[in-house]
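Enquirer: Given the coordinates of chain A, assemble chains B, C and D onto it according to the supplied hints.
Number of protein chains: 4
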Amino acid sequence: MATKAKIGVLGASGYTGAELVRLLLRHPRAEIVLATADRRAGQEMREVFPQFSPFALPKLVAIDGLDWRSLNLDLIFCALPHATTQKVIKDIFAANPAAKVIDLSADFRLADTASYARWYGHEHYAPDLQKRAVYGLAEIYRREIKKAQLVANPGCYTSCAELPLLPLIKAKAIDLDEIVIDAKSGMTGAGRAAKEAMLFSEVSEGFHAYGVGHHRHMAELDQEFSLAAGREVIVTFTPHLVPMNRGILSTIYVRGKRGRNATDLHAILSKSYMKEPFVHVLPFGAVPQTRHVRGSNMTFIGVANDRVPGRAIVVAALDNLVKGASGQAVQNMNLMLGFPETMGLEQVALFP
Amino acid sequence: MATKAKIGVLGASGYTGAELVRLLLRHPRAEIVLATADRRAGQEMREVFPQFSPFALPKLVAIDGLDWRSLNLDLIFCALPHATTQKVIKDIFAANPAAKVIDLSADFRLADTASYARWYGHEHYAPDLQKRAVYGLAEIYRREIKKAQLVANPGCYTSCAELPLLPLIKAKAIDLDEIVIDAKSGMTGAGRAAKEAMLFSEVSEGFHAYGVGHHRHMAELDQEFSLAAGREVIVTFTPHLVPMNRGILSTIYVRGKRGRNATDLHAILSKSYMKEPFVHVLPFGAVPQTRHVRGSNMTFIGVANDRVPGRAIVVAALDNLVKGASGQAVQNMNLMLGFPETMGLEQVALFP
Amino acid sequence: MATKAKIGVLGASGYTGAELVRLLLRHPRAEIVLATADRRAGQEMREVFPQFSPFALPKLVAIDGLDWRSLNLDLIFCALPHATTQKVIKDIFAANPAAKVIDLSADFRLADTASYARWYGHEHYAPDLQKRAVYGLAEIYRREIKKAQLVANPGCYTSCAELPLLPLIKAKAIDLDEIVIDAKSGMTGAGRAAKEAMLFSEVSEGFHAYGVGHHRHMAELDQEFSLAAGREVIVTFTPHLVPMNRGILSTIYVRGKRGRNATDLHAILSKSYMKEPFVHVLPFGAVPQTRHVRGSNMTFIGVANDRVPGRAIVVAALDNLVKGASGQAVQNMNLMLGFPETMGLEQVALFP
Amino acid sequence: MATKAKIGVLGASGYTGAELVRLLLRHPRAEIVLATADRRAGQEMREVFPQFSPFALPKLVAIDGLDWRSLNLDLIFCALPHATTQKVIKDIFAANPAAKVIDLSADFRLADTASYARWYGHEHYAPDLQKRAVYGLAEIYRREIKKAQLVANPGCYTSCAELPLLPLIKAKAIDLDEIVIDAKSGMTGAGRAAKEAMLFSEVSEGFHAYGVGHHRHMAELDQEFSLAAGREVIVTFTPHLVPMNRGILSTIYVRGKRGRNATDLHAILSKSYMKEPFVHVLPFGAVPQTRHVRGSNMTFIGVANDRVPGRAIVVAALDNLVKGASGQAVQNMNLMLGFPETMGLEQVALFP
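Chains as they are written, first to last, in the numbering used here: chain A, 89 to 440; chain B, 89 to 440; chain C, 89 to 440; chain D, 89 to 440.
I should point out that these hints are in silico values taken from the structure, not numbers from a laboratory. Remember, it's a predicted structure, so these values are computed and weren't measured experimentally. Incorrect hints may have been included.
Copies of one chain are not kept apart here, so a pair can be met inside one copy or by any two copies together.
Said to hold, decoys possible - Below, a list of computed lysine to any residue pairs in the SDA-like style, where the Cα atoms sit at most 25 Å apart:
no., residue 1, residue 2
1, K363, R134
2, K345, E320
3, K283, H170
4, K283, R128
5, K175, A186
6, K234, L145
7, K175, A129
This is chain A alone, in the form it adopts within the complex (with noise of 0.2 Å):
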């Protein structure tokens, strides 16, 4: 058997921490020997997600005073709050220059730190890292993840919109000016931090969308669309939060350019997405639903026609936890450790 490379999880007392712990410790590569948690430094994972109780994990520790050299990490996911996140990997990279690191804060997916500055309040505390930051959109970025050592894994919004719209943008198929996101997600992108916002009485039997115009994601699909177009994109995205744990849907309208119709803009998607393993297009007409994807790495996509002439409706669905953190996490890890791309991500969708 080949011998397993040394993980460690930074912030595994999340749910994304825990979603890559839930991963991992399936993966036939991987082991972990680090997790930390610095408010539950100490004790068991199984006393913080009970669903470990079964299995055998190295317990919780705090992070100051680990010695990042000493520890001997093959690879290091970083799922901590953002701003905290570029300090502990400028440690990291300080202590240990070979480290590799996937970070799943939005700290290093802004390549323009003035950008960052503006829609985070402060300056970037590791400008020189941002510049060596690639951005983890699988798919896309397949190339430069392989060499990277710092990898900025994409938002869950951002990656249910990217798929879908990236491979139509590149191919000048719709109108730049007049793309509309209307995205929904479940409760566990909001985090385990308690806030009276995120309670069950406060969310359960209700809907409703939050950030509207100003979500910080936007600065993420600017950046992402406006590179894929090779000129500014300003696109319209809302996000929704629906009385459910996992999954999002992004409902995108857009415009064909060029005489394109639905159909074509299905047939860019069906070929750009035809040999990857984990984004499937439907047959046109047909649009995806979140608990299809839940709990599996794999993004859906549907192309419908708009009744308004020129127009299509794109529908992509995903679930937040995996393929929007901690999944696509693992398959940027495989990729940098030159594991199969799919290893340890084969998992079915769990539905009902």
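Expert: Then chains B, C and D, alone, in the frame of chain A:
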């Protein structure tokens, strides 16, 4: 004490029927003297909806064989399935030309019977009655409803799009060719018929769009928007199902015309609904949540800036069974029978 | 029109506070003139609970510094956290010995302050007031409540066990040493404080027991059952959390005594509650569902045969925020202020 | 690579069928070569369950006309409705006496065909086969299952009561006349047939008991408990429905015998299951939650003190579709075909 109007509820075993009963049981001027449910005829209402166990209600009967003349009803609510409705209402008016009927189905909403035939696949059975039907959105057609004998209660999706959009269209404030309505509904909108797709396990913990590009409510939207605009309007409309019982939220993307920005649109809506008891416009930038209108007859509307210059986002929320169906119907009854418009509809939303 | 009673609601930013406001807004004889919420002082009620946006309500204020005498309130509802409550109510009566207070916390429910100290870990701050407090289960203590100045509104779990069990215990119809109460509650029972365990994603799509063997409500059950039995009674009680907002269901396992079978128990309960407006006993063999009392002040009770000879199963359901808290409190207010007992509480359950 | 066993799944359009497909798709030694679904015959599996879209699966066929001999299947899972099952399995063994069948219905669970007739209202169609059927609770009947040709997979409710209770009964540690099982199940336990009572809007935001005093699973409990006790045992059992998809939780009230207290019961269970891969006993006093076993083949068991002297509370949780049905079935397949018992069943629970 004033005498009570004698009311009939046809189709009392469905959700809109039950909601009519809930509201009428507490209406000071109405008394249910007839309740029909063909498949449950002979049963007590409490066997069909146990929440009514403590209340006295007439036993459920079948429609066939009812003598509409001798029943001497002051008003009939018709909550029957599509098509059946036309035949029953035809019978009612044949027997009693002075009848007053509020129909909660889609059967009398389309003034153009050709349009009806196109969307529903058969000729209308009562084209003459169609001519006399008044579209029952009280805030728009109050004056006509007061004099009407046959009111076509609007659809829940359409009310939640027409209330926010009609004033903007009438004011010529928005571009008519670029309206996108992304609508999300709770499950009661699908009715009580036993269908696999509506089972709890098919619906819970997931989210999806349906009827993409070809939902029947579009005909109703076209009609009202075109009428208001004085020209043909075709909107983009996508309905989605939310794993919750009640509530519709419409996220509406519009482009201001003639220099109107989001603030202007907010001002138009605020002014339009200033005196309306059942439409409440939130402060600029705030957007509504379905849970805050649950069980009430209120519609909440919010307007926010889009980041794309010239565009705005309008969000509306209502309870599909109340303002979207039975509450609107009781409001229409109040108008038709000369009662105060808010009578029996003053319940505060149930949250959480 | 009769003048309205001037009402204060202390703790208006929590769920029981909001539910009091919902009910009082439509009570014909009550007017909210004071609403407190320490952390939200200075805000409007609509900022804390947007469902109240269309209504005029006093601005939220802090409790500190209120002059209870000059406020001249006819009745005060106290929906504050445990322990704080004792101090505030002590202040109120110190300033105004003629005050009338209904406390929705657990602070004045235990007549025995030694028992209080044992379960709550500290001496009671107002033992003299405790002596004057009346236990506010209207169906049992109606006469005492009418004359009381301080009413201790019962707990939601306890009401849902006491209403079905007290008549059986008083009739000496069941074995007192073999009562098992398996209780299930919706999430609003846990309040609005932001705790990790109450987040949507921790609660949705799952079910669990808590406080197994040591829940504080047991002391209240012991007190009322022992009082009714004339000897010490200790029951088995296990609370569970259901992924829903509202509702408590108690499944109660009992053994008939002196030859009483399930039918006899049903007859005792039916007779006890025959004239009660808010307790409804279903036909023998039928059992209640929480959804059929949602939003109403009703308790539904059912009795069925167990297959084990001599045993019966009693099931009770109520809405924890209404009959289990704020509805019961308004019922007590009606008794204390001489209004009809059902005033403002006649809303029909909201289902679906 | 070892050759794969050729597997048939009868009834692949239901939930247990789909769950078998989910698990078998990732089983290294099994290949689905036949999938039936009478009403969906001719369709692809992805039309019935879109989550399987990315996978190659045989087209659905009808059962009628299948030649069981020439199909040459290594093992058949039968997930068909009650009664139909007996006829189909009779046909299978008639055509191929060497067949191996795991039946997920209730048809072969009751060894006593008279008991079957009493509970199901008709004579058993295959009493001879019944004699050869082995009850498929692997932890109890492992040895017999290895040699069996026909395995009757246990019911989900019964597994969740038998796993915690059988060791206690065998150890003569609890009073056999005072066992109360209060069970709560997610909605998938009710299957995929379209029934009004299972609609989302009937089930969401509510909780209720059903089959009080007369649920068919009782016969299965009686059989296994009586067998273990060496005398007749009749338990009190009440099932409830929780608004969630997956999971069963049993809260079990017992009285220790011969001085055994809760700690003793915990010790007995811990010892019994120490080496079992799919049953995990939590530390004393901790109780399980259904969400922590979701999607996994695990059963979690907890034991706590009751406050009533001499009594204890045992809580067990499992996923009704996995350990309660299809996962147990695959575990049985592994035993019958000589594969490692945990093969294909190692997925970690999906939480949140």
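Enquirer: None of the hints should be skipped; say for each whether it holds.
Expert: The hints, checked one at a time:
Taking the closest pair of Cα atoms, K363 and R134 come within 25 Å of each other only across two copies (19 Å); inside a single copy the shortest separation is 39 Å, beyond that limit. For the homomeric pair K345 and E320, the shortest alpha-carbon distances inside one copy (17 Å) and between copies (24 Å) are both at most 25 Å. Taking the shortest alpha-carbon separations for K283 and H170, both the intra-copy value of 17 Å and the inter-copy value of 21 Å come in at or below 25 Å. Taking the closest pair of Cα atoms, K283 and R128 come within 25 Å of each other both inside a single copy (18 Å) and across two copies (15 Å).
When the C-alpha separation of K175 and A186 is checked against a cutoff of 25 Å, the pair qualifies only within one copy, where the shortest distance is 17 Å, while the shortest distance between copies is 61 Å. With identical chains, the CA atoms of K234 and L145 are never at most 25 Å apart, being 28 Å at best within one copy and 33 Å at best between copies. In this homomeric assembly, K175 and A129 come within 25 Å of each other (Cα to Cα) only inside a single copy, at 19 Å, whereas the closest approach across copies is 38 Å.
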